Structure formats: C-alpha cells, structure tokens
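Q: Sequence:
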Amino acid sequence: MRLLVVEGNVRAARERHRATYGLTPSESYAAVLKSLAPEAICDIALPADEGANLPERTGLEGYDGVVLTGSGLNIWKAEPETMRQVELAREVYRSGTPFFGSCWGLQVATVAAGGSVRANPRGREVGIARDIALTPEGRDHPLYRGKAPVFTSPCVHGDEVETLPEGAIVLAANPVSDVQAVEIPYEGGRFWGIQYHPEFSLNELSVIMRRYKPTLLAEGFFRDAGTADQWLADLEALVADPRRKDISWRYGIGPDILDARIRLKEIENFIALRVRPVQSERGRA
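Take the sequence shown: its letter number 38 is residue 38 in full-length UniProt numbering, and every next letter is one higher.
Just so you know, the hints here were simulated from the structure itself, not pulled from any lab data. All of these numbers come straight from a predicted model, not from anything done at the bench. Note that CB positions come from ideal geometry on N, CA and C, so glycine has one too. It is possible that part of the hints are untrue.
Said to hold, decoys possible - Taking lysine to any residue pairs in the SDA-like style, the calculated list, with each CA pair at most 25 angstroms apart, reads:
#	residue 1	residue 2
1	213	121
2	213	27
3	265	149
4	245	152
5	77	15
6	265	15
7	245	231
8	34	142
9	265	175
10	265	77
11	245	230
12	213	124
13	265	43
14	34	242
15	265	130
16	34	281
17	245	226
18	34	15
19	34	282
Stated by the list, open to error - Simulated DEER-style distance windows between Cβ atoms:
#	residue 1	residue 2	range
20	277	254	27 to 35 angstroms
21	258	56	35 to 43 angstroms
22	261	52	32 to 40 angstroms
23	210	246	36 to 44 angstroms
24	57	242	41 to 49 angstroms
25	225	278	48 to 56 angstroms
26	83	243	41 to 49 angstroms
Work the whole structure out from these sequences, hints included.
A: Here it is as structure tokens:
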C-alpha cells in the first residue's frame, strides 16, 4: 500500500510542532496511518514550500490513497503557499485516487472543487468538538460505519466551509460548524473529509493546546492564566493515566477520544473501504 500524506503547514509551523511533539504533523499523521495499515509506505509532500517537487496526475495515480493534514494557514487569504495546495488537490481529484483530509484538508478540497471557506463567525472551535451529529446521509455513509450518531473529537480550527461545491453531501454537523464532514465529487474523483482531528491523540492535542495558551486567553476561553494552566495540567495528567475518571468526567472526555479504536474509525473506514479496494484492483491489473 502506497499512501501520500500532504502536509498543510509551512516549514516554521512544521518545525514548531516537531520541537514540542517530536514529529511534524505529516509525520504524526503517517504514523497513525501505519498503525491502521502496518504494511503502508507513506510518502510526504510539502506543497506549502516554494519550489517543492510535487507529483502530477500520473504520479498521483501510483498511490492507493492521498491524505491532507491540518494547517495553521487560512485558505481565504489565497496566499501562494495555499494556492499550491489547492492546485495539487485538483490534480488528486483528476487522478481518481482515493482522497481524504482532516480540517484544513477538508477546506482545501472544498475550494479546489469550487466551494469557499471563511473565518467562522461563531468563533474558534478548539480542544474538543462536541455534539458532532451525523446527518441522515452521514448515518448511511461508509465513512461512519461503526461510529455513534453523536460523538466528540479533538479539534482546532477557526475557519469553516461557507459554500459547498456542486454535488457535495454534508455528512455531519454541530452547533459550531454546519459542515463537520462532507463527501465531494469533482472531475472524476471523490473526497471524504472531516473538519475535526481524529488523528490527534490526547497527548498530541495537549501539546498543541499548550502552544495555543496565549490564543485561548486572548479569545476568552479561560478567565486567567491560572485557569488555563490547570486545564492543561489536567489534560497532561489524563494522558499519563487515562483511568483518571475525576478528570475525564469533569471535562467530558470519554472513549470517543481516549479509545483510539473509536477515535480513528473514520480514517480506518477510509483505508478499508476506499484505499484497500483500489489497491486490490491495481494488484489484479
């Protein structure tokens, strides 16, 4: 199995994540994919970097799946490092290769297919996305096979889908974002995407939230630095001992997040139901 992980971040953001977590976001995502498909070989593309050597359609056709990571960029700014990713996404669609993305990945795939993204007027959704509810279409969709109809997930995003591309199907929503998951057909390809981050373990999420502490304070998520520090300390204590019911109960952090088999179900389904069938077809060809 050959998978391409497309990193959404610029170099400085990648290295900041490596410095605090030990891996770049794309390296971390690749490790998650290999935990679900140990035989997978994961290549990494860096389209945010000027001059990056990016695969064209024929090169993309050699992969069994393409996955887009999150990013700290804002696609509505239409900066060069963003638009290179949009163009790459269009080539992925045209290649027909199974296509998946988290958060920024959903936003890039949306814009590539003709939709638009904006800063969310309801504000940032950060830490834990709550009350993600499957739509009627989502309840019948293979992306959510084995998933509860309402769940929570790690998340970090300030932007949201504003207009959907033609033919897109919303699969999940919550009070903060009307598009928490979507299927998008475009130019012969098909994308499954989610606005949240199931690929983040609680450990990775806690590391990200510590970096976000100034933003969380500035945007009023915490009354003061002491309250923020206590929350971060509690997250880290729960990472150290997931049996800490006093912490998990207090913050509503349940098996949706603590149990990787539940948290990663969407990615597992993408591999099982989109990637493996394509891999098998190519193996018989």
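Q: Quick check on a hinted range of 41 to 49 angstroms for residue 57 and residue 242, using CB atoms only.
A: Taking Cβ atoms as reference, residue 57 and residue 242 lie about 44 angstroms apart, which means the hint holds.
Q: Hinted pair, alpha-carbon criterion (25 angstroms max): residue 265, residue 175. Please report holds or violated.
A: With Cα atoms ~22 angstroms apart, residue 265 and residue 175 stay inside 25 angstroms; holds.
Q: Going straight from one Cα to the other, do residue 34 and residue 281 come out at no more than 25 angstroms?
A: The given pair, whose Cα atoms are some 21 angstroms apart, holds under the 25 angstroms limit.
Q: Could you tell me whether the CB distance from residue 258 to residue 56 stays inside 35 to 43 angstroms?
A: holds, 41 angstroms
Q: Straight-line Cα separation of residue 213 and residue 27 no greater than 25 angstroms?
A: holds, 24 angstroms
Q: Run the distance test for residue 213 versus residue 121: straight-line Cα separation, threshold 25 angstroms.
A: Measuring from Cα to Cα gives roughly 21 angstroms; hence the hint holds.
Q: Assuming the hint says 48 to 56 angstroms, is it satisfied by the Cβ distance from residue 225 to residue 278 or not?
A: holds, 49 angstroms
Q: So the hint says 32 to 40 angstroms: do the beta-carbon atoms of residue 261 and residue 52 match that?
A: About 35 angstroms separates the Cβ atoms of residue 261 and residue 52, which means 32 to 40 angstroms holds.
Q: Does the alpha-carbon distance linking residue 245 and residue 230 stay inside the 25 angstroms limit?
A: holds, 16 angstroms
Q: Does the alpha-carbon distance linking residue 265 and residue 77 stay inside the 25 angstroms limit?
A: violated, 32 angstroms
Q: Could you grab the alpha-carbon distance between residue 34 and residue 142 and see if it respects the 25 angstroms cut-off?
A: holds, 21 angstroms
Q: Residue 245 and residue 231 were given as a pair; does the straight-line alpha-carbon distance stay at or below 25 angstroms?
A: holds, 15 angstroms
Hints 6, 10, 23 from the list above are not met by this structure, while the remaining hints are.
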